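Using the sequences and the accompanying hints, generate a full structural model.
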Amino acid sequence: MQWKLTRGKFRPRLGQMVAENKSSDVQSITRRAFGLLPDIKQAIEELCKLRAIGPATASAVLCAGAPDFVCFMADEAVESVPSLVPVQYTLTHYLKFSNSLTTKTRWLKANDKTHKWNVHEVELALWTDAWSRKLDIPSSAETAEKPETKASLKRSRTDEEEVPAKKKKKSK
0 MQWKLTRGKF RPRLGQMVAE NKSSDVQSIT RRAFGLLPDI KQAIEELCKL RAIGPATASA
60 VLCAGAPDFV CFMADEAVES VPSLVPVQYT LTHYLKFSNS LTTKTRWLKA NDKTHKWNVH
120 EVELALWTDA WSRKLDIPSS AETAEKPETK ASLKRSRTDE EEVPAKKKKK SK
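0 is the number of the first residue of the sequence shown in numbering that gives the first Met the number 0; add one for each residue after it.
Quick caveat, the hints were computed from the structure, so don't treat them as lab data.
The calculated lysine to aspartate or glutamate pairs, modelled on EDC-like cross-linking and capped at a C-alpha distance of 20 Å, are: (1) K95 / E78; (2) K108 / D67; (3) K103 / D128.
A quick note: this is a predicted structure, and the numbers were derived from the prediction, not measured.
Spelled out as structure tokens, the structure:
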């Protein structure tokens with residue numbers, strides 16, 4: 000849950016409400032949910048039986064244990080799929096997102112033999128791209144277009160840094 004809250008929208012009471020679930024219920028429902036995979040719809044429905052667990056949180060739990068089948072419903076990743084804006088926190092919306100990423104994952108597997116893609120990695124790529132844009136961090140493609148010179152890599156000294164004193168040559 001802590002991990003999900005660091006990547007999703009801030010919801011102050013969510014952690015507290017989730018903590019109200021009985022440990023035995025969490026364990027048995029989670030075990031049943033993972034047993035339902037690869038049927039993502041049924042697995043999410045099972046986890047949603049827990050208090051304060053919706054499709055986004057359920058996807059985080061399932062993604063942590065089964066990244067080959069399940070992607071996390073991170074807002075930034077969902078917003079990267081134009082047909083899914085605005086984000087809706089429903090099972091139907093999650094399944095559309097998951098299907099979109101599954102399609103892209105299949106395409107990547109067929110066309111990129113250098114890496115074994117899964118839906119979670121595709122989701123992470125979308126999330127990372129969205130955050131790099133928000134933070135105005137250039138992509139690796141953009142930096143490859145503008146090779147840096149040695150001069151551009153030199154770090155200038157701050158006022159707090161002292162300039163090293165030159166050593167005096169000994170006189171003969």
